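Asker: Residue strings, one per chain:
There are 2 protein chains.
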Amino acid sequence: NHSAPIAARVTVSKDESRDFMAVFPDVVRDLTGVTRAYNCNDAANWFARVLQYNVPRGKKNRGILCVLTYKNLVPADQITPESLKLAHYLGWCVEMLQSFFIMSDDVMDNSTTRRGQLCWHRVEGVGLTAINDTLMVENAMFAVLKKHFSHLDCYVDLMELFHEISFITTCGQTLDQINSHRKVSEFTMDNYKSIVYNKTAYYTFYLPFALAMHLAGFKDAEAFRQSKTILLEMGHFFQVQDDFLDCFGNPDVTGKIGTDIQDNKCSWLAVVAMQRANAEQKQIMMDCYGQEDPIKVNRIKDLYKELSLPTTYATFEEESYNMIKTHIQQTSRGVPHQSFLQILNKIYRRDS
Amino acid sequence: NHSAPIAARVTVSKDESRDFMAVFPDVVRDLTGVTRAYNCNDAANWFARVLQYNVPRGKKNRGILCVLTYKNLVPADQITPESLKLAHYLGWCVEMLQSFFIMSDDVMDNSTTRRGQLCWHRVEGVGLTAINDTLMVENAMFAVLKKHFSHLDCYVDLMELFHEISFITTCGQTLDQINSHRKVSEFTMDNYKSIVYNKTAYYTFYLPFALAMHLAGFKDAEAFRQSKTILLEMGHFFQVQDDFLDCFGNPDVTGKIGTDIQDNKCSWLAVVAMQRANAEQKQIMMDCYGQEDPIKVNRIKDLYKELSLPTTYATFEEESYNMIKTHIQQTSRGVPHQSFLQILNKIYRRDS
Ligand SMILES: [Mg+2]
Ligand SMILES: [Mg+2]
Ligand SMILES: [Mg+2]
Ligand SMILES: [Mg+2]
Ligand SMILES: [Mg+2]
Ligand SMILES: [Mg+2]
Numbered sequence: 491n492h493s494a495p496i497a498a499r500v501t502v503s504k505d506e507s508r509d510f511m512a513v514f515p516d517v518v519r520d521l522t523g524v525t526r527a528y529n530c531n532d533a534a535n536w537f538a539r540v541l542q543y544n545v546p547r548g549k550k551n552r553g554i555l556c557v558l559t560y561k562n563l564v565p566a567d568q569i570t571p572e573s574l575k576l577a578h579y580l581g582w583c584v585e586m587l588q589s590f591f592i593m594s595d596d597v598m599d600n601s602t603t604r605r606g607q608l609c610w611h612r613v614e615g616v617g618l619t620a621i622n623d624t625l626m627v628e629n630a631m632f633a634v635l636k637k638h639f640s641h642l643d644c645y646v647d648l649m650e651l652f653h654e655i656s657f658i659t660t661c662g663q664t665l666d667q668i669n670s671h672r673k674v675s676e677f678t679m680d681n682y683k684s685i686v687y688n689k690t691a692y693y694t695f696y697l698p699f700a701l702a703m704h705l706a707g708f709k710d711a712e713a714f715r716q717s718k719t720i721l722l723e724m725g726h727f728f729q730v731q732d733d734f735l736d737c738f739g740n741p742d743v744t745g746k747i748g749t750d751i752q753d754n755k756c757s758w759l760a761v762v763a764m765q766r767a768n769a770e771q772k773q774i775m776m777d778c779y780g781q782e783d784p785i786k787v788n789r790i791k792d793l794y795k796e797l798s799l800p801t802t803y804a805t806f807e808e809e810s811y812n813m814i815k816t817h818i819q820q821t822s823r824g825v826p827h828q829s830f831l832q833i834l835n836k837i838y839r840r841d842s
Numbered sequence: 491n492h493s494a495p496i497a498a499r500v501t502v503s504k505d506e507s508r509d510f511m512a513v514f515p516d517v518v519r520d521l522t523g524v525t526r527a528y529n530c531n532d533a534a535n536w537f538a539r540v541l542q543y544n545v546p547r548g549k550k551n552r553g554i555l556c557v558l559t560y561k562n563l564v565p566a567d568q569i570t571p572e573s574l575k576l577a578h579y580l581g582w583c584v585e586m587l588q589s590f591f592i593m594s595d596d597v598m599d600n601s602t603t604r605r606g607q608l609c610w611h612r613v614e615g616v617g618l619t620a621i622n623d624t625l626m627v628e629n630a631m632f633a634v635l636k637k638h639f640s641h642l643d644c645y646v647d648l649m650e651l652f653h654e655i656s657f658i659t660t661c662g663q664t665l666d667q668i669n670s671h672r673k674v675s676e677f678t679m680d681n682y683k684s685i686v687y688n689k690t691a692y693y694t695f696y697l698p699f700a701l702a703m704h705l706a707g708f709k710d711a712e713a714f715r716q717s718k719t720i721l722l723e724m725g726h727f728f729q730v731q732d733d734f735l736d737c738f739g740n741p742d743v744t745g746k747i748g749t750d751i752q753d754n755k756c757s758w759l760a761v762v763a764m765q766r767a768n769a770e771q772k773q774i775m776m777d778c779y780g781q782e783d784p785i786k787v788n789r790i791k792d793l794y795k796e797l798s799l800p801t802t803y804a805t806f807e808e809e810s811y812n813m814i815k816t817h818i819q820q821t822s823r824g825v826p827h828q829s830f831l832q833i834l835n836k837i838y839r840r841d842s
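As given, the protein sequences belong to chains A and B, one line each in that order. What the first sequence shows, in my numbering, is residues 491 to 842, in sequence order. What the second sequence shows, in my numbering, is residues 491 to 842, in sequence order.
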């Protein structure tokens, strides 16, 4: 599912956020213009509403991450107003990708609210038309690329990256779906990793970073490969953190009430619990996991505590931070370490 | 909606169909291979089922049209087994595009059957997961392009064409949606044309033809423009024919029972009826159109006959055929007239 992962909690400054928002009206103008050019005035008005309602919501951290990374990768005296504007457009393409996945995930999960407002398909007069709206947002992303990037060397790389990451994310959604229909006794750490890499880490961390690298003119495949390894490790940790807070976070701080246990999610806690449990505890997991009954949900939470999962999590957080830092220091292919460390230090030890 | 338009009735030979089908297992193998490469074995198995169930169904006329056009555009002695295989892959990309639009249209319309089997979302264990499956099919299309076409000059043109046609089709779906919620008194011929061009004509006629032109090495923008004009005219006529048969076709021949009247569709018949009707007849349209009651449906059909719409249709068919033929003869920019005439003569005066 696409509940706000921890990446959504990277803090960005008000200035960064305001500069980013300032470009959104241009995106909407471009896209309604494209729609009108096909003699689709009515569709253009509808689509403007779709974009306004769905795209510029939330913290927009993935989009802003793309802009910040671009600024980190290119020496300040080589950044022009034009190139910075392009970085903002790429950031908005990331937000459009995130939006179209969120919109369809909310239909599939029959969710009610998202980012403090009704899910789009729940809005009066929308319903399942939301499915076509997600396809509009997805394909409009490529109209933005064509309009602003088709004259650049990196154009093909940008398109291919969006294709690849979109496909990977759909694969992750499929894995998530398949595993949430499995018995808890069938969960494995390998499956867990495949789910989080594909469902979240690629589009949340690798995509914005790799787009910025392409725009900054990086060409060395090895630099992309090394960056990917580090960014997927970050994405993995962030999802573990998201899973932990789903159960043990303070709803006043996280802003949401977790339902991973009820939803039979292949979460980090469930996988580790099954690894640690004795026969009797395994039976409790099998009897109580994936059910709505609050008594059973609490039985699972108590079991997690009996198994000391909060301590295990604290250790994991520490070790994961150190391991990623080491990997960053070992990278050799041109990407400034500072670009990774900035993200890393923004997201560790957060409680929301 | 994506009910089988007349284009699906272009007749293709058994040989053409068999040669085309022979390439499908390669497509599935390529795509499950890509999926497995992301550590998604479970997703690969699921996706193979999605592809098998949804893509190689129906008559595959859009895909085969792409192959036939390629053969028409390139002198026989310049066609190699490799280039012909590429034309088949492009044809399968068209079929994948058609499939992902059909799959999501069926979810949005809550349809039950398609091409003689249950709609995918109605299959046990699928449900709204079908939405993610449509996204998988859509994005896998670009994996086929990357694998087989990225070394060619036309690669960017092919990707951009799929992006553009996908976006146009979603715009057409939006128009269709908006208009089917309007009063019949608000239907206009201009709106009708925008719907059918965008919802059907671009992807059914222009896409397969333009893909074949790109693969055959056409570069002249004017040749594409002239071809588009003709192919959209054909698409327009075919949708008029589809609308006529929805009401007046023989279900034993068309293989389906029309519901355009009940669904309040902005169909050619409804638009022309409103143009022709006197005040009293307009009132009948307003009272009876867009409702399930069989008495009201029959009142609309009787009114269509009172207004001589079958005769109007016959005249329109004749004039449309002659107009398109004239336009074909006026085209000057390299595309052999034969390529258009073959399609034209295959689809006129059909009753199914
Ligand atoms: Mg969800
Ligand atoms: Mg979900
Ligand atoms: Mg979560
Ligand atoms: Mg339909
Ligand atoms: Mg429909
Ligand atoms: Mg029809």
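Hints listed in this document are in silico derivations from the structure and should not be mistaken for laboratory results. Mixed in with the good hints there might be a few duds.
Facing chain A, a subset of chain B residues (Cβ under 8 Å, in silico) [unchecked claim]:
1) L648
2) L651
3) I658
The list that follows gives simulated cross-link-like pairs (lysine to any residue, SDA-like), each with its CA atoms no further than 25 Å apart [stated by the list, open to error]:
4) A:K575 with A:L651
5) B:K636 with A:L722
6) A:K636 with B:D710
7) B:K683 with A:A534
8) A:K718 with B:N531
9) A:K718 with B:K718
10) A:K673 with B:V613
11) B:K636 with A:V646
12) B:K815 with B:V646
13) B:K709 with A:E712
14) B:K683 with A:H817
15) A:K683 with B:H641
16) B:K718 with A:N529
17) A:K683 with A:N529
18) A:K718 with B:K636
19) A:K709 with B:H641
20) B:K673 with B:N531
21) B:K709 with A:K709
22) A:K673 with B:G615
23) A:K636 with B:K636
24) A:K709 with B:V646
25) B:K636 with A:D710
26) A:K637 with B:R715
27) B:K683 with A:N531
None of the values given here were measured: they were computed from a predicted structure. The beta carbon of each residue, even a glycine, is placed where N, CA and C say it ideally should be.
Asker: A separate judgement is required for each hint: does it hold in the structure or not?
Answerer: Now the hints, each set against the structure:
1. Given hint, L648 of chain B at the interface with chain A, is violated; its Cβ is 11 Å from that chain's nearest Cβ, farther than 8 Å.
2. Nearest Cβ of chain A to the Cβ of L651 of chain B: about 11 Å, over the 8 Å cut. The hint is violated.
3. Annotation: I658 of chain B was flagged as interfacial toward chain A, and the flag holds, the nearest CB pair being 6 Å apart, inside 8 Å.
4. For the proposed pair K575 of chain A and L651 of chain A, the alpha carbon gap of about 20 Å is at most 25 Å, so the pair holds.
5. For a cut-off of 25 Å, the pair hint linking K636 of chain B to L722 of chain A stands: about 24 Å separates their Cα positions.
6. Among the hinted pairs, K636 of chain A with D710 of chain B is consistent with the structure: their alpha-carbon atoms are about 19 Å apart, no more than 25 Å.
7. Straight-line distance between C-alpha atoms of K683 of chain B and A534 of chain A comes to about 16 Å, which keeps the hinted pair within the 25 Å bound.
8. A threshold of 25 Å between alpha carbons decides the hint, and for K718 of chain A with N531 of chain B the separation of about 21 Å falls inside it, so the pair holds.
9. Restraint check for K718 of chain A and K718 of chain B: the C-alpha separation of about 42 Å exceeds 25 Å, so the hint is violated.
10. For the hint linking K673 of chain A to V613 of chain B, the alpha-carbon distance of about 22 Å falls within 25 Å, and the restraint holds.
11. Only pairs whose Cα atoms come within 25 Å are accepted, and K636 of chain B paired with V646 of chain A is accepted, the gap being roughly 10 Å.
12. The suggested pairing of K815 of chain B with V646 of chain B is violated, with an alpha-carbon distance near 32 Å, which exceeds 25 Å.
13. Annotation: proposed proximity of K709 of chain B to E712 of chain A is violated, straight-line Cα distance about 35 Å (limit 25 Å).
14. Note on K683 of chain B and H817 of chain A: the hinted pairing is violated, with a Cα-Cα distance of about 58 Å set against a maximum of 25 Å.
15. Proximity of K683 of chain A to H641 of chain B is assessed by CA-CA distance (about 34 Å); at most 25 Å being required, the pair is judged violated.
16. For the hint linking K718 of chain B to N529 of chain A, the alpha-carbon distance of about 15 Å falls within 25 Å, and the restraint holds.
17. Distance restraint check for K683 of chain A and N529 of chain A: the Cα-Cα separation of roughly 46 Å exceeds the 25 Å cut-off, and the hinted pair is therefore not satisfied.
18. At most 25 Å may separate the alpha-carbon atoms for a hinted pair to count; K718 of chain A and K636 of chain B meet this at roughly 20 Å.
19. For a cut-off of 25 Å, the pair hint linking K709 of chain A to H641 of chain B stands: about 18 Å separates their Cα positions.
20. This hinted pair does not check out: K673 of chain B and N531 of chain B have alpha carbons roughly 50 Å apart, beyond 25 Å.
21. Between K709 of chain B and K709 of chain A the alpha-carbon distance is near 29 Å, which puts this suggested pair outside the 25 Å criterion.
22. In summary, the hint linking K673 of chain A to G615 of chain B is supported, as the alpha carbons are separated by about 16 Å, within the 25 Å threshold.
23. The straight-line distance between the Cα atoms of K636 of chain A and K636 of chain B is roughly 18 Å, inside the 25 Å bound, and the hint therefore holds.
24. A hinted pair counts as satisfied when its Cα atoms are at most 25 Å apart, and K709 of chain A with V646 of chain B qualifies at roughly 19 Å.
25. Pair hint K636 of chain B plus D710 of chain A holds up; C-alpha atoms about 19 Å apart against a cutoff of 25 Å.
26. With a C-alpha separation of about 20 Å, the suggested pairing of K637 of chain A with R715 of chain B holds against the 25 Å cut-off.
27. Between K683 of chain B and N531 of chain A, the direct Cα distance comes to roughly 13 Å. Compliance with the 25 Å bound is thereby established for this hinted pair.
In terms of the numbered hints stated before, the structure departs from hints 1, 2, 9, 12, 13, 14, 15, 17, 20 and 21, listed from lowest to highest.
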